[in-house]
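Note that the protein sequences, when read in sequence, are chains A and B. Sequence positions in the first sequence follow our numbering and run 5 to 474. Sequence positions in the second sequence follow our numbering and run 5 to 474.
Hints in this document: simulated from the structure, not taken from any laboratory. There is no bait here: all hints are sound.
Note that identical chains are pooled: a pair holds if it fits in a single copy or bridges any two copies.
With a Cα cut of at most 27 Å, we get these calculated BS3-like pairs of lysine-lysine:
1) LYS134 x LYS248
2) LYS227 x LYS165
3) LYS329 x LYS225
4) LYS316 x LYS165
5) LYS227 x LYS248
6) LYS184 x LYS452
7) LYS217 x LYS416
8) LYS217 x LYS165
9) LYS452 x LYS67
10) LYS184 x LYS437
11) LYS225 x LYS295
12) LYS184 x LYS416
13) LYS165 x LYS134
14) LYS329 x LYS165
15) LYS416 x LYS452
16) LYS165 x LYS248
17) LYS316 x LYS248
18) LYS184 x LYS217
19) LYS225 x LYS165
20) LYS295 x LYS165
21) LYS416 x LYS437
22) LYS295 x LYS329
23) LYS452 x LYS217
24) LYS55 x LYS184
The model shown is predicted, which means the values in this text are computed figures rather than measured ones.
2 protein chains.
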Amino acid sequence: MRYNRVTPEIVERLRRIVGDGYVITSPGDLERYGIDEIEERYRRPPEVVVKPRTPEEIAAIMKLANEYRIPVTPRGAGTGLSGGAVPIHGGIVVSLERMNEILEIDVDNMMVTVEPGVVLADMMRAVEAKGLFYPVDVSTLESCHVGGNVAENAGGARAVKYGVTGHWVYGLEIVTPTGKIVRLGGKRIKDVTGYNLVQLVVGSEGTLGIVTKITFRLTIKPKCVLDLLVPFDTLDNAVAQVNKLFREEHGLAAIEFMDDLSIRAAERYCNTVLPHDDCEAHLLIQVDGMKEGEVWRAAERVYHAVVEGGAKEVFVADNRITREKLWRARRNIAEALKALNNYISVEDIVVPRSRIPEMARRLRELSRAHDIEVPLYGHIGDGNLHPTPVSGDRDEETWVRDLEAFLVDMFKAVRELGGNITAEHGIGFKRVKYLPLALDEVEIELMKAIKRAWDPNGILNPGKAVPLGP
Amino acid sequence: MRYNRVTPEIVERLRRIVGDGYVITSPGDLERYGIDEIEERYRRPPEVVVKPRTPEEIAAIMKLANEYRIPVTPRGAGTGLSGGAVPIHGGIVVSLERMNEILEIDVDNMMVTVEPGVVLADMMRAVEAKGLFYPVDVSTLESCHVGGNVAENAGGARAVKYGVTGHWVYGLEIVTPTGKIVRLGGKRIKDVTGYNLVQLVVGSEGTLGIVTKITFRLTIKPKCVLDLLVPFDTLDNAVAQVNKLFREEHGLAAIEFMDDLSIRAAERYCNTVLPHDDCEAHLLIQVDGMKEGEVWRAAERVYHAVVEGGAKEVFVADNRITREKLWRARRNIAEALKALNNYISVEDIVVPRSRIPEMARRLRELSRAHDIEVPLYGHIGDGNLHPTPVSGDRDEETWVRDLEAFLVDMFKAVRELGGNITAEHGIGFKRVKYLPLALDEVEIELMKAIKRAWDPNGILNPGKAVPLGP
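Bound-form chain A, shown alone:
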């Protein structure tokens, strides 16, 4: 694809669309919009940033961009981990930060309708104030935008019980790549009227449309939540216990995993100590429910099952302070590893749950073979792991070369085990070159056919999610 540059005339027309105060062209500011939480070396500044307030303004921007063939990259809070918001071909960044209203909380239908720039935790608190509950708790909940959650189909810890973002998205308003506004789905719990375009747009990383309104389904807030920290001597045994638990218990809200390298990094970073930090596998198991007695009984069953299954001990956190301590450690592993190393690469593989021990073995072999330390943690209940190779004292050039070789081997191993290369962070900029390792050629062709059909000029977030070109 060939794109044109943003000219002063185009900037002028953008100003007329969104208003003078909402167009950014100063180089320093543009730099800030050139990256998200992906590694620094992926930074690419846009030529101009616009901050529209309405879908109509976005539609006008898309029409203009098609007219001049200028790439457009939508952007939320910039907390993404795969570079989905990086404007790799320059052009226009459409920042959705001003579209941040909670439009309606519909208590009877248990649905909330919001604009994409709403911060996830703000939405969660607003619906909880009405006795409702949005359960997808992404680690960055206090800063990420719900629009980004939809674009990447974000997961998080409670996906085990509650599913990922897409499970809760029932309605969308989008601006199409050619600048048309359309509403898809709605407050309908079941609907087979036409193709499921809602779930096609969810997780499409802003390549098929810019989301301007979202209707999420909600549930009711569990009245009692308990967390159990369970250290195991071996990962194999931890996974065996997880598989057993799943066949016996409905109420497991989260099953998280941290290895010894991860837990020790988190301890240093959070200035805390967790018990048995030399164990190969720590599970963090959350049980929730509506009735305190029932939740405690479920926790007791988990307790007996894991102790019988060889857990070293079980620590129960039944108050907010202890629970927060455990989850803070778990949520801060990536930050801790980043602080302790020159370079890291947060990966996001997924395998069928039963293949986790084999995957962990392969990772240990690859770690040795490539001489790269690879702390391992993640959402073990979903088979979703975040191996995070760290650079040690390598310089950037050596690191990028060594990392590349490691990743290719890791992705091949993942595929051999029936897994895939990203579970919740997205293909984005970072993984698009690995897509042929991950998906069949025919599937990539089917994806490209949709992209071409909806975005004939290839201008909406080009180079993400799916390779461009013929």
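Once you've looked at the hints, dock chain B against the given chain A.
Same frame as chain A, but now just chain B:
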């Protein structure tokens, strides 16, 4: 679209692909493949029926059909209610009846992989024998094929708690409209590697690919199930109680609704009597869970809530015989209405749950205005109703004309209330002409763009789900 006719040469080539014994050309047999459970007047016989055994054979059929531009209609058990399996342009019917193996039950990952021709109840029993549970219980579970469930994204009674078919589909193998075999998704609970093509194919009514393998996720079977039959004097009050229950209880597996006309038809057909059959609204509420004590306590809470909310009485069915009696009545309403009338039209509207009372009022008005009796029943917990206009003693011509006028008015009312025209039966042949009433022009254009991109010759199940043509 212009299609060619099936010539003797094409039949000969089909015989070479699937084997002599698996090609049907005799007119009497072709008639049988010209209809599903849609009304008789929609019957259109194909020119030839083939019964392939492998995806490779289907791929060869699709390539041949593209070469000669012959329409191809995939067919499961023929239990669909919208004519999705009717070969409206003649051509080839691909019957999947021989592809009926349960390929793998993966206990550790709680997944089952099957061919499309497996009967739903057979799959349910097979996984239950391994301690697992597939919860989507479509009314026709003893005869429908799982491939058809996927094609129509079938719902059923337990969707309230467990979701519809699509919620459980994690992997598909399909033959594309141009005859390529591709696997989408897999045994991965989370996966954002590329667009969500699995959920695009689910519910696409066999227009985007022929499904040849399905991997369903499973859960664990509830150990205790109770059903409560709750008559209310008014529908308004019944709905108010449903909304209240949803905000307080997690464990509600089903909330079904039958009005007085439906319940009396079912009584006659099943030769049974149900209590308070003169009440305007009967709710059938299912509570399930893993622990008997907890389920009984939940049932008691429901009992107290609905009695306080004005229920006439509550009948608890805690044994298989009584439960079967209630569900048999509920499941046989459509059959009963069919037996008691010359013509009926089983409709499948959905509205936001809170709008059900208003929708019911509109239906009563429309019933009077069009002088058509409209028994009403359905999955009230999902906002999914099956108003079923019945002909009385009208002749076919009068009926078709009167029905048409009624349906247009009903669909307009549905849209005004934020609803849609089909929740679980599909657009199919029956509703494609109403699509412009149901969906925005832009959305239809986006759907057509996908259909054209994947099926450039427009030969796979043409005229279903989405209008053909430019």
